[in-house]
Amino acid sequence: MQAFSALLRRDLSLALRRRDELLLPLFFMMVTVSLFPLGIGPSSDLLARIAPGVIWIAALLATVVSLDSLFRADYEDGSLEQFMVSGQPLPLLVLAKVLAHWLIAGLPVVLLSPLLALWLNLDVQAWWVMMASLALGTPILSLIGAIGVGLTIGLRRGGQLLSLLVFPLYVPVLIIATAAIMAVLDGLPYVPFLGLLLAGLLTSLTLAPFAAAAALKISLS
Amino acid sequence: MAFSNLQILQPDSETQAELPEMLKVSQLSLERYFQPVFQPVDFSLKAGELMVITGANGSGKTTLIRLLAGILTASSGSISSSATSTAYLGHALAIKEDLSALQNLRFVAEFNGGFKTSIELVLRQAGLSRVAHQPARTLSAGQRKRCALARLLLVSAQLWLLDEPYSNLDQEGIELVDELLIQHVSGGGAAIVATHGEHRPQLERQRDLFLLAGFATDE
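Residue numbers (the numbering used here), protein chains in the order written: chain E, 30 to 250; chain G, 31 to 249.
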């Protein structure tokens with residue numbers, strides 16, 4: 030547990046030293062979302078209708094953009110080898126790194142989303158559900174992404190392959206999360222969708238660190 | 031197919047048989063692209079012993095060390111280790127460029143759950159006191175190596191696996207490594223050092239493993 034908190038603290042303090050990496054996913058997401066009204070016209074009804082999908086797809090892209098940095102530095106400078114030799118459980122360390130990654134790249138997305146919802150004229154009563162779906166869903170993206178990063182980190186063009194690997198796995202999250210927001214807009218019950226997201230989060234929280242640790246082990250050998 | 035063989039020079043004194051065995055390796059080999067990197071290796075290492083692995087470039091020194099560290103998985107053979115903790119020093123030093131030497135070491139100490147000695151003392155021993163607060167990216171290659179070596183002092187591991195610990199170091203640094211090894215081994219630890227040979231540690235209870243590349247050479 031000491032290793033977990035030490036690693037979490039180190040990753041957060043390293044991220045604060047590299048603000049460009051911190052802000053890049055956010056700017057990426059803002060730019061992506063702001064392109065939609067330009068591309069399809071400023072019809073506020075249409076924008077409000079597509080807002081859940083647009084915001085979520087932007088969050089998905091922002092996650093993939095930031096994923097590569099999850100293990101990259103530790104892989105290149107030998108820290109991962111040290112983690113393996115240290116005798117600490119690797120899945121726990123993976124979990125610390127994913128948590129740090131989510132706090133750096135995922136949480137800002139959740140906090141930024143009301144601004145994007147405002148841009149797209151999303152109904153105010155759906156904002157809380159949107160934020161809840163992002164708060165439950167983006168950690169799933171980071172956790173699944175960690176498996177993909179673990180598998181592709183040894184490859185020279187791993188980043189491109191990574192997006193092909195993880196996007197299909199992100200599809201259920203995207204469908205359920207946008208369905209939750211749509212349900213609010215249509216006056217339907219949205220709690221079951223959030224429950225599904227929570228179930229997905231718990232599942233990936235327990236399984237993904239083991240899969241990612243195994244993937245990293247393969248990549249290192 | 032002239033597979034090269036491997037020679038183990040037994041230590042001179044046979045009197046220290048009472049020390050516990052820390053590492054036993056039998057018929058260990060690793061294949062890459064269907065070629066063995068080195069011929070099957072057999073040895074055992076007791077507490078208080080140092081083993082020096084030498085060999086030409088590409089003879090598998092790094093591979094062997096990484097196998098022993100558990101980073102690589104062997105194709106065949108077995109490694110049984112009774113060491114409760116292992117320290118590994120590889121070519122990649124695991125130093126964060128953005129953090130100072132002090133911060134790097136503090137992380138190592140926290141990560142491993144405790145301080146064996148004070149970080150300041152370790153930094154002084156490694157000759158890094160003067161640059162302790164500079165970001166590691168401003169340090170020279172030798173200073174980085176010293177910082178990585180300082181980890182060994184900070185965390186008490188029974189088995190040290192050092193891959194080219196002498197590279198990039200000045201004469202004083204080389205003496206530092208030798209001194210660390212003597213301290214460690216005389217304190218009941220065991221160490222395996224891979225080096226390509228300019229400098230070798232000279233210890234009493236030392237054995238040598240000469241690795242030759244395992245793949246066929248055109249002769």
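In case anyone wonders, no lab produced these hints; they're calculated from the structure. It is possible that some hints are incorrect.
For each label pair, taking beta carbons as the anchor points, the in silico distance ranges come out as [to be verified]: (1) D128(G) / P143(E): 40 to 50 Å; (2) W157(E) / S106(G): 51 to 61 Å; (3) S108(G) / M30(E): 26 to 36 Å; (4) Q189(E) / S197(G): 12 to 22 Å; (5) G172(G) / M30(E): 48 to 58 Å.
Just some of the chain G residues that point at chain E, by a computed CB distance under 7 Å [said to hold, decoys possible]: (6) L102; (7) G120; (8) A124.
Every residue gets a Cβ at the ideal spot worked out from N, C-alpha and C, and that includes glycine.
Quiz item: Looking back at the hints listed earlier, which ones does the structure fail to meet?
Solution: 1, 4, 5
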